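> Chains as they are written, first to last, in our numbering: chain G, -11 to 307; chain W, -11 to 307.
Hints in this document: simulated from the structure, not taken from any laboratory.
These figures come from a predicted structure and were not determined experimentally.
Treat the hints with care, since some could be wrong.
Put simply, identical chains are the same to the list, so a pair is met inside one copy or across any two.
Cross-link-like lysine-lysine pairs, in silico, BS3-like; alpha carbons within 27 Å at most [claimed, not checked]:
no.: 1; residue 1: Lys121; residue 2: Lys239
no.: 2; residue 1: Lys5; residue 2: Lys106
no.: 3; residue 1: Lys96; residue 2: Lys(-8)
no.: 4; residue 1: Lys136; residue 2: Lys13
no.: 5; residue 1: Lys296; residue 2: Lys96
Take a look at the letters that make up each chain.
There are 2 protein chains.
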Amino acid sequence: MKIKDIGGEFGLIVRIKSKIKLYSKDVVAGIGNDAAVLNYDKNNYILFTTDMLVENVHFSLKYYSPQQIGMKAVEQNVSDIAAMGGIPKFAIVSLALPNDIDVEFVDKLYNGINEKSKKYKISIVGGNITHSKEIVVSIAMIGFAEKKNLTLRKGAKINDLIFCSGDVGKSSTGLELLKHNIAGNSIKKHLEPKSRLDLARKIVKVGINSMIDVSDGIASEIKHICSESKVGARIYADKIPLSKNTIIDAKKLHKNPLDFALYGGEDFELVFTAPINKLKQLKKHDIVVIGEIVNKKYGTKLVKNNRKLELKIGFVHFK
Amino acid sequence: MKIKDIGGEFGLIVRIKSKIKLYSKDVVAGIGNDAAVLNYDKNNYILFTTDMLVENVHFSLKYYSPQQIGMKAVEQNVSDIAAMGGIPKFAIVSLALPNDIDVEFVDKLYNGINEKSKKYKISIVGGNITHSKEIVVSIAMIGFAEKKNLTLRKGAKINDLIFCSGDVGKSSTGLELLKHNIAGNSIKKHLEPKSRLDLARKIVKVGINSMIDVSDGIASEIKHICSESKVGARIYADKIPLSKNTIIDAKKLHKNPLDFALYGGEDFELVFTAPINKLKQLKKHDIVVIGEIVNKKYGTKLVKNNRKLELKIGFVHFK
Chain G
-11 MKIKDIGGEF GLIVRIKSKI KLYSKDVVAG IGNDAAVLNY DKNNYILFTT
39 DMLVENVHFS LKYYSPQQIG MKAVEQNVSD IAAMGGIPKF AIVSLALPND
89 IDVEFVDKLY NGINEKSKKY KISIVGGNIT HSKEIVVSIA MIGFAEKKNL
139 TLRKGAKIND LIFCSGDVGK SSTGLELLKH NIAGNSIKKH LEPKSRLDLA
189 RKIVKVGINS MIDVSDGIAS EIKHICSESK VGARIYADKI PLSKNTIIDA
239 KKLHKNPLDF ALYGGEDFEL VFTAPINKLK QLKKHDIVVI GEIVNKKYGT
289 KLVKNNRKLE LKIGFVHFK
Chain W
-11 MKIKDIGGEF GLIVRIKSKI KLYSKDVVAG IGNDAAVLNY DKNNYILFTT
39 DMLVENVHFS LKYYSPQQIG MKAVEQNVSD IAAMGGIPKF AIVSLALPND
89 IDVEFVDKLY NGINEKSKKY KISIVGGNIT HSKEIVVSIA MIGFAEKKNL
139 TLRKGAKIND LIFCSGDVGK SSTGLELLKH NIAGNSIKKH LEPKSRLDLA
189 RKIVKVGINS MIDVSDGIAS EIKHICSESK VGARIYADKI PLSKNTIIDA
239 KKLHKNPLDF ALYGGEDFEL VFTAPINKLK QLKKHDIVVI GEIVNKKYGT
289 KLVKNNRKLE LKIGFVHFK
């Protein structure tokens, strides 16, 4: 049986989760969130996450500078910590590198890692280097979240509004441009994605119910929130934030920019839900309401031209 | 310039370390130990480590069962935590897997991970799955060490005795047998190495000055301790513990078993140093004195047949 026969990576995660045992009462949240949540002290949790970039899966040296690879490796982990409402603090870096790689490549990769570590005040405290056929950059990160600010995928409540932190679809539009050798402003959004740590910290202080970062397209992310929270969702196609550049660049590709937003990945924007009484405070930030949480029995729907369509899952490995 | 031109992985680590900045006063020890040490509470530190297994570098599917790969991935991280005097507690698992891999392979890999997690009471709290050409298993682990038990590489003092926790060279002897298609008992030592967590916990309570786990051969490990502690060392060839199986199997390979012990890797035994007044207490455990710490000016020497030889470095990636 192949992984695609059990629903790709998400089916595999469910399967793995069912076989895992926990041996500690200090695990507040394990598999199934952007980061694990562990007891720390009276007021704070430890957040623990990892993300891996694999050559020719997550990046190609045809498009990416080594510095951009390093930057992205840090940003995607920061985005996981941000999505939990926390602050990143420590990281360890595992590199697998081809035997004949230049030292200058590693220098530049670390320039990218160090630039982002400086931005977020993350201390690189260790790592591991080995050789391989293709480049692998795996970062594990520890962060902290105040108990009152911790935000999981599973907290969404019926009648919550669903928010999106900013333009989505930009990264996958950029990737398609690169693949088709077409110029456009979206390319930089793909090569240099930025997590929304600052915004996340502000909105968790307002008080929100659930959150996730957009790594596989907002359709997948909303389905994750609904599945963990045991609710349904309705989102509105005409509310989904698309930048002018995404629209222009999707047109060059003869594609619907909405599809990139729904089913593309790696935007590192945030999708979150909050009760309507928080709307005024949240609206002070540059965020958009894209739908609402409904009873589970209504499923997860996209409202488009007054029709309700089933939300599909976005990017999946092993499909 | 290639990595081999700057001394392989160890030269690269020095280069990376020189460019890293720390942004937290809570980093007690960073790059250059088996695990990073972070402040936790009044009496305890957090330990944070990672290790990666790459197909055809660290294992071949010709020799390894998926279960053995999972077991080894956990053991090598536990060994890092053990070498710091701590206890492992939480792990996250990153997998990169070829697209056409069978679900049964992943099941068996996780059987190995879960078996070892149960043994050591480690909770798997998260992870990441992606695809790749070759299998990569990267585990990051969090553990804890009581402040009084924390043991670094850098604590060795002149006149300390150097101890080894058990038979070394067994894993690399087994690997050579596999490569030459020769049978022998060392093979299982290579495929199923065991960390020495229990022993480590006992000896740190006696009080030792420095410790490291044997992942690249004891020559390398002693050089790491000496470099971090700014001391020299003298070890005695006839004191280095070799099992009967290692001697028998090395003979089949027409190799000197001592070379496997000095320059082979992945035994996951412990090398540690302690003052002579601890000898009586330490001798209650099944460990061996293999040498002594001396002034840095005497270098790191192997005494063999009354001759003093320079200790070379063991296994190095990118050489």
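> What label fits Lys96 with Lys(-8) when the C-alpha limit is 27 Å: within, between, both, or neither?
between (36 Å within a copy, 18 Å between copies)
> Should Lys5 paired with Lys106 be assigned to within, between, both, or neither, using CA atoms and 27 Å as the limit?
between (35 Å within a copy, 15 Å between copies)
> Can you give me the call for Lys136 and Lys13, within, between, both or neither, at a CA distance of at most 27 Å?
Both: 19 Å inside a chain and 24 Å across chains, each within 27 Å.
> How would you label the pair Lys296, Lys96 (within, between, both, or neither) given a Cα cut-off of 27 Å?
For Lys296 and Lys96, the Cα distance exceeds 27 Å both inside one copy (48 Å) and across copies (42 Å).
> How do Lys121 and Lys239 come out at 27 Å by Cα distance, when the copy is not named: within, between, both, or neither?
neither (37 Å within a copy, 33 Å between copies)
Checked against the numbered hints given earlier, the structure breaks hints 1 and 5 and satisfies all the rest.
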